[in-house]
Every structure is written in structure tokens, then in C-alpha cells.
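There are 2 protein chains.
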Amino acid sequence: MEKKLLMIPGPIEIAPDVLNEMNVPMEPHYGVKWTNFYYDTIERVKKIIGTESDTFLHVGSGHAAIDAVIGSIVEEGEKVLVLSNGFFGERIAEIVESFRGTAVQFKTDWGKALSPSDIDDYLNDNHEKFSKVMVVHHDTSTGVRNPVKEIARVVKKYGLLLFVDAVCSIGVTEFKMDEWGIDACITASQKGLGAPPGLAIISVNDKAWEVIENRKQKPTGWYLNLATMREFAEKQKEWQPYGITMAVNNVKALNKALRNIEEEGLESRIERHDNIGRYFRNGIRALGLETGASEEDAANNVTVIFNPEGMGSQELIDILEQEYQIMIANGLGVYAGKAFRVGHMNLGASKNSVVPVINALDEIIDKKL
Amino acid sequence: MEKKLLMIPGPIEIAPDVLNEMNVPMEPHYGVKWTNFYYDTIERVKKIIGTESDTFLHVGSGHAAIDAVIGSIVEEGEKVLVLSNGFFGERIAEIVESFRGTAVQFKTDWGKALSPSDIDDYLNDNHEKFSKVMVVHHDTSTGVRNPVKEIARVVKKYGLLLFVDAVCSIGVTEFKMDEWGIDACITASQKGLGAPPGLAIISVNDKAWEVIENRKQKPTGWYLNLATMREFAEKQKEWQPYGITMAVNNVKALNKALRNIEEEGLESRIERHDNIGRYFRNGIRALGLETGASEEDAANNVTVIFNPEGMGSQELIDILEQEYQIMIANGLGVYAGKAFRVGHMNLGASKNSVVPVINALDEIIDKKL
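So the protein sequences, as listed, match chains F and Z. Just so we're aligned: 330 in this note's numbering is position 330 of the first sequence, and the numbers increase by one with no gaps anywhere. Just so we're aligned: 148 in this note's numbering is position 148 of the second sequence, and the numbers increase by one with no gaps anywhere.
What the hints contain is simulated information worked out from the structure, not anything from laboratory work. It cannot be assumed that every hint is accurate.
[Claimed, not checked] No farther apart than 25 angstroms at their CA atoms in a straight line, the calculated lysine to aspartate or glutamate pairs in the DMTMM-like style are these:
| hint | chain 1 | residue 1 | chain 2 | residue 2 |
| --- | --- | --- | --- | --- |
| 1 | Z | K33 | F | E2 |
| 2 | Z | K351 | F | E27 |
| 3 | Z | K33 | F | E323 |
| 4 | F | K79 | Z | E76 |
| 5 | F | K218 | Z | E264 |
| 6 | Z | K33 | F | E315 |
| 7 | F | K176 | F | D274 |
| 8 | F | K4 | Z | D17 |
| 9 | F | K237 | Z | E315 |
| 10 | Z | K218 | F | E94 |
| 11 | F | K33 | Z | D318 |
| 12 | Z | K218 | F | D274 |
| 13 | Z | K237 | F | E78 |
| 14 | Z | K235 | F | E94 |
| 15 | F | K351 | Z | E27 |
| 16 | Z | K237 | F | E315 |
[To be verified] Chain Z is nowhere near these chain F residues, computed Cβ spacing over 10 angstroms in every case:
| hint | residue |
| --- | --- |
| 17 | F37 |
| 18 | Y39 |
| 19 | I42 |
| 20 | E43 |
| 21 | R44 |
| 22 | K112 |
| 23 | D121 |
| 24 | N225 |
| 25 | L266 |
| 26 | I365 |
Glycine residues also receive a C-beta, built at the ideal position from the N, C-alpha and C atoms.
Construct all of the structure, not just a fragment, from the sequences and the given hints.
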């Protein structure tokens, strides 16, 4: 059997030594030894998030983490400003509404990064309507990186709380929660951090806790309730700092993935992703294909590409898998069927991974002409 | 290093061929091939649950599944009858309240099974106050098995909806969702099914869907919302029947664990657990120790044991781990510090696993005397 290249935006191809950790003999999700290992993992991930704030691992996908934050901080009927320029920005709005908040979307066209100065202008007139702003860092539906650092500066100017969905960015691009003034952020194990899927990661600062403590009405639910998570983290600190059965194998693998990042060096890892991202986009454009994001707005680990003329996304996905053993993903939302998505992160952020994709596309286009 | 015996009520010691599946090369959580594998897993688990009803895997612990069901079916301010005789019965009540329902607890003493005829008497006078009844099958805090089959018969007599938390029972004891008339039930990967932790499993019948469809107010949240899960299962049926990143490795392992159960035969597996459970409890009582449940009420895969005189649970846990390489768990709730818990399921349901525990306790008691 030929080796397949897994080039979707996650789950991604991960290092064998990380995957091996999934296979260690089962151990309890409590006890001093385990708890120390858990905290070791938390401390390592906090460094990558750039925070000293409370950080939790939870069993779930990235969406679980988004639900946990939004459900914990948004009050019923509250107007929340959602900065939105892709499928996952819209998803945030949907989740706000599912908790009976009102999501006011400040929209920018798909494929364009949100403009901090436009947001500033908008907030200048409207900041009194809101107390919370939410944004996606790398929206994998467009391949756009939003300038979260600059957005945070604007949001802070108006004293609003900022929540960032950083599922696809943390671990491969600069992210400094505390320094930038982000109040809550989430990520997941299976993208920039280079581990298997299964774990959600949530960081919450004091300002966010204050919001949670001063809610008019308690949030709904138990599993994704940040106050509940904190309660267990405090009262069972030394034995089992959560109230659920932790996915121990997945934590083992995440810990190893984090140690791998440290070994490479976060700076070098970011640079590698920047370089490969640029190399890949240049290759794609040289084929005459159009990327979802302009060069200056592009995320460094996922590229959205509009289909070659006369081809559908599914046709392309099938040819790439069957004839080239390369797995890519369909477009999302309004891009479904019109574009495809290539993830190039972790092991995939290498020429050995992206060159075959460029070559395969080249051959496919040639044959079509 | 000596081999440790993992004898906690979960995660449990699992078969090497199941663990190996955690370590397979990463693959996408979508596509025809994966989706077929996912459905294969669903069909296998449905057989063990004894249902033809809609069944979902979700990334989460058992608690996630409980939240999903309760949050989806309970209306704000609604009175729900929670049959409760242990820590996890109380937890269900807590989760009902977290969704702003009112949990009315019909309580039986910890250590005693709920009595169907007492429930019948109670419902005879009170059934008009409720439309939903909830109960835990094996409450691991007491080691009691509640007679869910007979309880279901009573609850059906009054036309009420029955939700069963079967986290610790499905896969090791008789459970027939459809035949018994259970409307919704949940379990998790890491107990009776013999897989690593990380997956929640939820089954919902038409009566439960009807309740969800006819709610006065939509449920809160996105991640643990059954209506959302069904929406994705329908609209993305052939490609990705959920809206989240599935924990692919964990599904691989669960599938293998289910195939192992089929190979052993569910009947034989249940019998093995019955036999080992009885053997273990007899051994424990022969040491002069008292179990949390009487023989007729005992769950076959977890035993709660009150501490030998003059010893605390933590002391016992530490001695067993350090001197005997055996891992057991502390009591829960009112039993914390007063009792300890031993899980004997899956690989642990064997004389080679329970004999060392009995012998170790024998030696410890001897030394103390």
C-alpha cells in the first residue's frame, strides 16, 4: 500500500512518537502521579498560548471549548459583537444564539482579513451596545489569518472583553494571550499543537472570571460550564483537578506533542510554517490557481484554493485520493463545491508534503486542458 | 518495573489489540471510507445497547452524554423525577438543576437498590407532576445495580419518558433499551465496553425526539444539543455525520473493543462478569469486610468495600499501590474516606485480577491486627 499524505486542515499527520503515546498502558485519571503529569501538560500548553491564566483541558473537540466559553460568559438576551469573515466566525454567532444571546456580526468579505481600523470606527460609534467581542484567529474556511494582536488593541481601548477562537492557530503562529490582552481563548489538540483529536483547551483570565461571577443568571449546563471546571480544579487540586473521566491517552499524546514543539523551538516552528505556507501558495499561484486569501492575509498552515475551471471540489478530492494518495478537504459554507482546502502544518509543513500536492494539481490541470 | 493491576472503576485495563488501534496513522474524520467505518461502529454498539434507535458517538466523557440528553429534553422550570441512591443519581439531579429544571429526588439509601414497587406506589400518587424519570443503572459510588428492566415497566405504566445513565453497565450486564422501553440512554467508551476514555455514546428513541421537537423553548448550547447532532447526521449522512472533529483514534479503538465483545459473545461476557463479581464479593466478605451492596443488589463489575477498622481509604489506596502495585479508587460522596472501590470488568473480570486484590487486602488486615 502506498503512503497517503494527510493534507486536510485537521486532524493532521502527527509524529510517530506522539502517536505512540496513545498506546501506553491505561492508567487512572487521578492520583498524585497523574495529576502532576496533567499539570505538566497544562504548564507546557500555557507557554505556547502565552498565558499565566487558568487553563483547562477538557474531553471534546474545539467546538466543546467554544461552547464552554460562550455558554459561561454570555447572558440571555445579551448583544455580543462577533467579528466574522468565514464559516467559523458564523459558527461563533450561531453558538452565541444557541445560548440565547444576540450575535451582532461585524462582517468582512470571506477571503479578506478583518480590519482593525474599521473595527475601531465601528466600535467608536457602537461600543456601548456591547461588553464582549469574539473573533476567529485562523478561519480554516478561507485560509485567512485575522490580525488578532491589533484587534485586541482596539477592543481593549473600549474596555470590552475579547474571546478568540484559536483552534487552528496556536502552536504554529504568534499568539500571546496575556501580552495582547485576550481575555479568553480556546484551541484543540489536533491542529497547530500536533496531537490527535479529542482534547479541547480553554484559557480564561481574571476579567473573564469576573464576568462569570457577576452574571445575572447562572449559565446552563454542567459539562461545559467553566465555573464547574474551576470548582473541581480547586477542590480536587492534588488528586483529580476535574470532575470527569479525562481522556488519559490523549493527554499523554498532547504532552509529547508539546515537548516536541519545545524541542524544535516555538519560534523556529512558526518560521517553518511561514516559509512552507509561502512556498505552497506561490506554487499554487504559479499553476494559475487562486487562493482564498491574499498573500498578506494568509494563514500559514491552511490554504483555501478555488477549483480549476470545469472541476468540482469532490471530483478533485477523489482524484487526489485515488490517483495520488493525497487527502485534502472540501470548501466550507459558501465555498463548498467551489474551493478545496489544504492543511500544511506540523509534519505537513514540509516541502516533502506540499510539493506532491502542487505537482498532483499541475498534472490534473494539464490533463484537463 | 512490576506490572501494575488497574482495578479502578474506569478507565480500565484494556486489551492490547484495542490499545493498538489508538496508534494507527491519522486519517480524516470524513469521507466515504471513514463514514462507513463510523456507521459500522454505531451498528455494533447499537446491538450491545439493544436498540434500533438513533445512536451517536460524541467526543466527551460520559458526563457529556448526560448533559446532552438532559439539556435537550428538560425544559426550564420543569419538575423531573430523579430516582437516586448514590453519587451519580445525585449528579443527575445536579445536572437537571444546571439546566434550570427542578429535580425531585426519589431517594433510597445508598447501598440499596431502588425498589420498583416503591416507585410504583410513589408514581401512583404523583405521576401527574412529571413527564420524565431518570435513573442510574450501575452506580459506581455504591456498587449497586438498579433493576432498570423492572423500573422501566413501572415508568411505562404511567406513560412517562425514561432516561437511563448506563455508563458503567452497558457491555457487561443485560441491557435492552428497546425491549425494556427505555427512551434515552447513555454510556461511555471506558467502562463496560472496554475501550479507552474519550467517547460518549447516546441513544434516543422516537418518544424522546418528540419531546425535543415539542419543547416550548429551544434547548441551550450547540455542542451537546441532540437536535444539532441529528441535523448533521442527516444532512451530512454520507460524508461526515457530525459537525465536530471526531476523535478518530478513539473510534478505531472502540470499534475493535466492540468486535472483541462480539467474539467473546455478549452472553458469555455477562456471565464472566457475573461469576467474577460473585467470586470477588465472596472473597471480600470472607475477610470480614463489608461490601457497599448486598449480594442481590450488587453490580457485577464494581464493588464498594468499607474500610477495615482503623484504616482510611487513602492509606489503603497508597499501600495497595506502593506495596502491591494494585490501583483502586477512593469512595465517592458520603463514602469518601470511608470506603474504597474496586472495578473488575473487561480484562479485570478474571481471577488473575481479583485474587491478588483479595490476597493483598488479607495481608494488610493481618498486619494491622
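Holds or violated: Z/K237 with F/E78, Cα cutoff 25 angstroms?
Between Z/K237 and F/E78 the Cα gap is close to 35 angstroms, so the pair fails against 25 angstroms, i.e. violated.
Would you check the hint for Z/K33 and F/E323, treating anything up to 25 angstroms between C-alpha atoms as holding?
Within the cut-off at roughly 16 angstroms; holds.
Below or equal to 25 angstroms on CA atoms is what counts here, so check F/K237 against Z/E315.
Holds: F/K237 and Z/E315 sit about 19 angstroms apart, inside 25 angstroms.
Would you assess whether F/D121, listed as outside the interface, keeps its beta-carbon beyond 10 angstroms of every beta-carbon in chain Z?
Label holds. Min Cβ-Cβ 31 angstroms, cutoff 10 angstroms.
Can we confirm that no CB of chain Z comes within 10 angstroms of the CB of F/N225?
Its Cβ does come within 10 angstroms of chain Z, the nearest being 7 angstroms, so this is violated.
Does the no-contact call for F/L266 survive, Cβ to all of chain Z over 10 angstroms?
holds, 22 angstroms
Could you grab the alpha-carbon distance between F/K4 and Z/D17 and see if it respects the 25 angstroms cut-off?
holds, 23 angstroms
Take a quick look at F/Y39 and tell me if its Cβ sits farther than 10 angstroms from every Cβ on chain Z, holds or violated.
holds, 19 angstroms
Does F/K33 pair with Z/D318 here, judged by a C-alpha cut-off of 25 angstroms?
Roughly 12 angstroms separates the two Cα atoms, so the pair holds.
CA of F/K218 to CA of Z/E264, is that 25 angstroms or under?
violated, 48 angstroms
CA of Z/K237 to CA of F/E315, is that 25 angstroms or under?
Roughly 19 angstroms separates the two Cα atoms, so the pair holds.
Mind checking the alpha carbons of Z/K33 and F/E315 for me, to see if they're no more than 25 angstroms apart?
Holds: Z/K33 and F/E315 sit about 16 angstroms apart, inside 25 angstroms.
In summary, the numbered hints that this structure violates are 5, 12, 13 and 24.
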